[in-house]
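When you get a sec, could you build the whole thing from the sequences and use the hints?
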Amino acid sequence: MDVGFIGLGAMGKAMARNLAVAGHAVRAWNRSGGAIEGVTMVDTPAQAFESDAVFTMLSDDAAIRSVVLAPGALDEARAGAVHIVASTISVAFASELVAAHEKAGVGFVSAPVLGRPDVAAKGELNVLAGGDPAAVERIRPLLEVIGGRIWDMGPHAPAANAAKIACNMMISMAIEAMAEAVVLTEANGLSRDRFFDLILGTLFGSRSYQVYSANIANGNYEPGFKAMLGLKDLRLASEVAADMGRALPMLAAVHGRMAEAVEAGLGDRDWSVMAELTIGASRPAPNQ
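Going by the numbering used here, the first residue of the sequence shown is number 880, and it counts up by one from there.
Simulated from the structure, these hints should not be mistaken for laboratory data.
Backbone N, C-alpha and C define an ideal beta-carbon position, used for all residues, glycine too.
Any given hint might turn out to be false.
Derived CB-CB ranges, DEER-like [stated by the list, open to error]:
1) G902 <-> R1114: 34 to 44 Å
2) A978 <-> A1093: 41 to 51 Å
3) A949 <-> D1076: 31 to 41 Å
4) R1114 <-> S945: 16 to 26 Å
Derived DSSO-like pairs (lysine-lysine); straight-line CA-CA distance at most 30 Å [what the hints assert, rightly or not]:
5) K1111 <-> K1001
6) K1105 <-> K1001
7) K982 <-> K1105
What follows is the structure, encoded as structure tokens:
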């Protein structure tokens, strides 16, 4: 299949490489250039749309708007093409994209992914696919290359985006929960390693707890997912809650804590660095 790819950050680069290795003809555009073995680089996003299917893996709504909608790349799309947006975007913008693609006569699938760059490199992402069932089936072979499992989020594309935002919200809550647990246990002489061994072996053995407990235990916050992006996703979750007129107190708490981390100059560290603010704030001052 001819595949276009727009956005070659750590995640996009791994996904595009896997598609090329699987035998698809991949042409890619990236704002800052770059090169991937087996992938043809093109000069404009519109050229990427001269394909059977096009993936977009850009950072946010504004990036997609400026790269895809503003320059009219959809107008250059091949007849029958399907655009797959794998980025984490707002529910409102996903609805806007549905309308824009219908107007342009281009298929649209929301397919945000769960997983970090190392998971993307292995082709084991969890793909949350929402949109017209016929369009999803047409590009399913591509999703199976990048994903270990494809999750059907139904025919309403924005539902996939709501699910991705909710998942990221819950991961941030898990990070904060572990940080607060460390406050209680360390104050009573129990090491982080020993406590995390307990929770991973009993109640909380999921990948999120495994990955982020290791970061907190080792104080190693090399970015897998940057705090500034985590803050963006929590803002998106807060916007959905506000649009519904609902108060979500746990969301408000982690949104505030992530904002503190970014304001403290930690935006380029892994988003689990927010745990250090909670743990550090619990320590008594030296003169106490």
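Hints and how they fare:
1. G902 <-> R1114: 34 to 44 Å: holds, 39 Å
2. A978 <-> A1093: 41 to 51 Å: holds, 43 Å
3. A949 <-> D1076: 31 to 41 Å: violated, 51 Å
4. R1114 <-> S945: 16 to 26 Å: Once the Cβ atoms are compared, 19 Å apart, the range 16 to 26 Å for S945 and R1114 holds.
5. K1111 <-> K1001: holds, 26 Å
6. K1105 <-> K1001: Holds. K1105 to K1001 sits at ~20 Å (cutoff 30 Å).
7. K982 <-> K1105: Roughly 35 Å between the alpha carbons, so the hint for K982 and K1105 is violated.
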